[in-house]
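Visitor: Chain by chain, the residues run as shown.
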Amino acid sequence: MSAAPQKAKAGAEQINVKVSAVVPLNDLVTRFEFQRTDGQRLPTFSGGAHTVVTMNDDGRTRLNPYSLMSDPTDTSTYAISVRRDDQGRGGSLFMHTRVKVGDEMQITYPVNLFSLDLRAKKHVFFAGGIGITPFMSMIAQLERSNGNWELHYAVRTEALGTYVDELRYKFPNKVHVYYDDQSQSIPLEELLDGQPLGTNAYVCGPKGMIDWIHATAAAAGWPDAQVHSEEFTAPQPGKPFEVRLCKSDKTIQVGESESLLEALEREGVEAPFLCRGGACGQCETDVVSYDGEFIHRDHWLEPEQQAGQKIMPCVSRFVGASLEIDR
Amino acid sequence: MTIQFNDETFRDDYSFHNSDWAIKRFPFPFHEDSYMYAVNMEQHRGGPEGSVYEKRFDVDEHYVAEMRDRAMVLADDPLRCQSLPHMTLAGWDLLELIMVSKSEDYPDLFELHHDADQWRWVNKPLGIDDTFTFLDETTLPYGPMEYITRQTQGDFCVLDQREENLWMDAGMVTTQADWSLDFDLGMNFFEWHAPVPLAHEMGIFKRALKFLLNIQQGAPARRMNWTMTVNPLLDTSPENYHKWGIQKTTLTPENIGSKQHLRVELQTFFRLPRSNALVFPIRCYLCSFQDLMTMPKWGRRLHRVVRDLPVELATYKGFIDNRPMMLDYLSQFDDGLPTSPGVFPEPETEPPLNKAG
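These protein sequences, in sequence, are chains S and W.
Residue numbers for the first sequence follow my numbering, beginning at 1 and rising by one.
Residue numbers for the second sequence follow my numbering, beginning at 1 and rising by one.
It is possible that part of the hints are untrue.
Claimed, not checked - With a straight-line Cα cutoff of 30 Å, these simulated DSS-like cross-link-like pairs (lysine-lysine) come out:
1) W:K24 x W:K210
2) W:K317 x W:K259
3) S:K250 x W:K210
4) S:K250 x S:K174
5) W:K210 x S:K121
6) W:K210 x S:K247
Because the hints were derived from the structure by calculation, they are not lab data.
Let the hints inform the model, and build the full structure from the sequences given.
Guide: As structure tokens, then:
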């Protein structure tokens, strides 16, 4: 049927916002707050949701996902916290060095790929470093509904403990902080052992931490469905490569510091996307032929799909003689 | 426009009827002269003025009578409305979505007033004026999902999203095409679709699930489904099959035009903000064959679709036994002329029936 067919857009719906506050939190992390330019309310969201921020970096469009870390019921202001990555491709540096109060930007409607399991009798959060951000909104949501939660938060040093003071002040009995430089570590086995049935665990942090928590929980007999994780992979720079696009009948070059998805967009080839971090599956693309090696960085494809069937252009790259994809 | 609500029934004497306005805007589901499954999703962002696609939650002349019928079904069988404990937040999300949409889309019929968490809801057609505290269940006469869906046409499935799947964990289901919420409650997407023939093999459900999991806030979607119903019954549930199933044998060549109805579901999908659940409203529209035949394009097309439908589908949709009688009736309205593409009836441009008798 087609009553009024409209083609779905790539990415979630956009909201025009202006930067209402820029708050440096420590040497690496700065909070940015946004309000709608039209004065209307922002949509309510669920704890763990993210937004994709569009940056206009001297004509080059950057789209980076960040967890929303404000109270989900606060529809006047959204907040994100951005960790500066000096080795990255420049999105976080742009946010830190170029974005000022009053700037107009575009962000997407909230998208949640890391939501609370509302059936859980208890929620145990494990955060590493900047991985604290989704838990800030989850905690705000649970506090309103009298939810049962606790947080275990590993940070490098006291000076880099983003939001540690605020969290400890508000929730002294629920927040546990571990400092790497004081050789403190999360007593994971002990924590996983003592939880009531129906507890769900959530982890956001570096890949090693996520793998560690999944493996330890599995070994302790936790059902996999009760251990949730979110890892957005920022696209990594890599050697330039050439790609043949069979549907569009084009051959394009992917530069050193851009992703394959960004190269497609630069060439006007539309590809669907949501998270731009290898997690949501929207930009999944069929490989038609190849002669070389893939550098897969996604958390979406099955191993057999990664063996030459499919590629996630948002984070994955290619090294070799030729690659043809179905775009 | 102000809607004139019909005084009518969907049971016993079946006084249900469509006005000329309702026939013209009936969501005829076939965009070409044949039918096969398709995911056929599109964005739910309005549609032509006056069409059933225009508003987020369409209100039509059957509203008051449909709500009366729903109350009767619930009085007989309270299990038609169920919500597992973790779905209460999604119920509030749905209440907000419907109240905001209806008060914006039909300001002459519905009003919503906020004062922080104190909400006042005015539903003029049903004579309701209630004040309650948002997110406080004790201030409403029913749970939030039940409260608002007793005032909204269509069935509602509220689906929890987890483990890359959707789960039928809450719903209000009184106008269904032969499926049971009480049976499906707690099932996942593949489990509750298990009885559907052909579509699994075609990979339809895998593709549909992938699409649904990615429906985002601010970007609702819709699709159509259809079946056949003898007599204008809203409640064609398995629970009451003993009451309505037998009515399929009462069809005769004389009464088929008025008794046989095409039943169309406008299915929409909205991501709910606080719970991250997905709500799946299934709105049922009924139109008798004789009313459909007033549109020459629909007459020609319906004959061709029913004639060429695979046996499995006619069986699943429950009209395989009556198909020969339907075709005898419908063939009178098919003169073999081509039809224009699209679902709309185009009465001004489509040629009149060129056939004697």
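Visitor: Does each hint fit the structure? Answer for all of them.
Guide: Status of the hints after comparison with the structure:
no.	hint	verdict
1	W:K24 x W:K210	violated (34 Å)
2	W:K317 x W:K259	holds (17 Å)
3	S:K250 x W:K210	holds (28 Å)
4	S:K250 x S:K174	violated (55 Å)
5	W:K210 x S:K121	holds (28 Å)
6	W:K210 x S:K247	holds (23 Å)
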